[in-house]
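So you can see what is in the structure, the chains are spelled out below.
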Amino acid sequence: AQRVTQPEKLLSVFKGAPVELKCNYSYSGSPELFWYVQYSRQRLQLLLRHISRESIKGFTADLNKGETSFHLKKPFAQEEDSAMYYCALQVAGNTGKLIFGQGTTLQVKP
Amino acid sequence: KAGVTQTPRYLIKTRGQQVTLSCSPISGHRSVSWYQQTPGQGLQFLFEYFSETQRNKGNFPGRFSGRQFSNSRSEMNVSTLELGDSALYLCASSLDGRTTDTQYFGPGTRLTVL
Numbered sequence: 001a002q003r004v005t006q007p008e009k010l011l012s013v014f015k016g017a018p019v020e021l022k023c024n025y026s027y028s029g030s031p032e033l034f035w036y037v038q039y040s041r042q043r044l045q046l047l048l049r050h051i052s053r054e055s056i057k058g059f060t061a062d063l064n065k066g067e068t069s070f071h072l073k074k075p076f077a078q079e080e081d082s083a084m085y086y087c088a089l090q091v092a093g094n095t096g097k098l099i100f101g102q103g104t105t106l107q108v109k110p
Numbered sequence: 001k002a003g004v005t006q007t008p009r010y011l012i013k014t015r016g017q018q019v020t021l022s023c024s025p026i027s028g029h030r031s032v033s034w035y036q037q038t039p040g041q042g043l044q045f046l047f048e049y050f051s052e053t054q055r056n057k058g059n060f061p062g063r064f065s066g067r068q069f070s071n072s073r074s075e076m077n078v079s080t081l082e083l084g085d086s087a088l089y090l091c092a093s094s095l096d097g098r099t100t101d102t103q104y105f106g107p108g109t110r111l112t113v114l
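So the sequence lines, in the order shown, correspond to chains A and B. All residue numbers for the first sequence refer to my numbering, where the first residue is 1 and numbers rise by one. All residue numbers for the second sequence refer to my numbering, where the first residue is 1 and numbers rise by one.
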């Protein structure tokens, strides 16, 4: 069965420090992977997806098929990055179905 | 474009009752997915509708059902409510639900079952 694991429930860093939010997935094929973010009192929104290979708000994520990982990174955390981050997986042919990890709360301290 | 809207935003029901939640997708989006979010289980996929047909389904009991109308608006129904159905129910819309699409989420309906 496909699964997404985010091992950290809470990640606390100081402003300006590097951030890495971990995501591992289990799927033998080629997945589509996403990072969604939920800021306080806002709806869940897409941050980035691996197929786009773009950097959003300074965040990047690289798909490592060998390690089945899709970690989210940012070199210098900002206080406005504080939010809940979800890694999600979608499998080709499984329309409309995102499989989410449990989420990681990122807390950026001043 | 207006975002995904969900009504009502909050609901309180008692065990055994049934409830209907509504979701209006972004204009032009034909796929609507529903998710249940709880502290213990996280975000779990319920089902997806496309062109008025349920096209994909998660592992939820038959008490959870839905439908989609010709204007792509979708409703979700839960019958014989149980305490464990208390959750935030999110809907998301996309152009056609494929992996190349982005799902846009609504604000959710908070259901409390007493």
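One should not assume that every hint holds.
With a Cα cut of at most 30 Å, we get these calculated BS3-like pairs of lysine-lysine [stated by the list, open to error]:
{"#": "1", "chain 1": "A", "residue 1": "LYS22", "chain 2": "B", "residue 2": "LYS13"}
{"#": "2", "chain 1": "A", "residue 1": "LYS22", "chain 2": "A", "residue 2": "LYS109"}
{"#": "3", "chain 1": "A", "residue 1": "LYS57", "chain 2": "A", "residue 2": "LYS15"}
{"#": "4", "chain 1": "A", "residue 1": "LYS65", "chain 2": "B", "residue 2": "LYS13"}
{"#": "5", "chain 1": "A", "residue 1": "LYS22", "chain 2": "A", "residue 2": "LYS57"}
{"#": "6", "chain 1": "A", "residue 1": "LYS73", "chain 2": "A", "residue 2": "LYS57"}
{"#": "7", "chain 1": "A", "residue 1": "LYS22", "chain 2": "A", "residue 2": "LYS65"}
{"#": "8", "chain 1": "A", "residue 1": "LYS9", "chain 2": "B", "residue 2": "LYS57"}
{"#": "9", "chain 1": "A", "residue 1": "LYS73", "chain 2": "A", "residue 2": "LYS22"}
Sample of chain A residues facing chain B (criterion: CB under 8 Å; computed from the structure) [said to hold, decoys possible]:
{"#": "10", "residue": "ALA1"}
{"#": "11", "residue": "GLN2"}
{"#": "12", "residue": "ARG3"}
{"#": "13", "residue": "LEU46"}
{"#": "14", "residue": "LEU47"}
{"#": "15", "residue": "GLY96"}
Hints in this document: simulated from the structure, not taken from any laboratory. Computed from a predicted model, the values in this text were never measured in an experiment. Positions of the beta carbon are idealized from the N, C-alpha and C atoms, including for glycine.
Among all the numbered hints in the text so far, which are the ones the structure does not match? 1, 4, 10, 11, 12, 14
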